[in-house]
Amino acid sequence: MNIRDERGVIVSWLVRLLIGLAVVAVVLFDAGSIAVNFFGLDSTADEIAVAVSLGIQSGQPVDQQDLEAQATALATEADAKLVKVEIDDEGRVHVHLKRVAKTLIVRLVGPVKHWARARTEGIAGST
Numbered sequence: 000m001n002i003r004d005e006r007g008v009i010v011s012w013l014v015r016l017l018i019g020l021a022v023v024a025v026v027l028f029d030a031g032s033i034a035v036n037f038f039g040l041d042s043t044a045d046e047i048a049v050a051v052s053l054g055i056q057s058g059q060p061v062d063q064q065d066l067e068a069q070a071t072a073l074a075t076e077a078d079a080k081l082v083k084v085e086i087d088d089e090g091r092v093h094v095h096l097k098r099v100a101k102t103l104i105v106r107l108v109g110p111v112k113h114w115a116r117a118r119t120e121g122i123a124g125s126t
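Going by numbering that gives the first Met the number 0, the sequence shown opens with residue 0, and the numbers climb by one from there.
Among these hints, one or two may not hold up.
Computed cross-link-like contacts, DSS-like style, restricted to lysine-lysine with a CA-CA straight-line distance of at most 25 Å [claimed, not checked]:
#	residue 1	residue 2
1	LYS80	LYS97
2	LYS80	LYS101
3	LYS101	LYS83
Think of the hints as simulated: they come from the structure by calculation, not from any bench.
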């Protein structure tokens, strides 16, 4: 066997290695993006619920449109979409948010597209 016969073996091995590493990198990036989106959105919902609850005066009537406007503005800053904001009978503020993770592949593939979407609820007591 001479060098000419083995030249293609090394190149094909390197190409396979690079393709394998690229696939692993994309999978890890998408998994990380989904995890960060989920946990970050959960934290954001809690922060928005606290911010909205601080604006409520105890014993005063609450304007639902003002609550939604304030929560929508805060959600937009966090690159999330406000689903709804409500106050329960005990005076706690419930903020529901959703957001799609910025992934490379998952958000484009129909059967697993829902993996990239996160929905959460933040709850805070009003003062």
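A quick look at each hint next to the structure:
no.	hint	in the structure
1	LYS80 - LYS97	holds, 5 Å
2	LYS80 - LYS101	holds, 14 Å
3	LYS101 - LYS83	holds, 23 Å
Taken one by one, the earlier hints all hold for this structure without exception.
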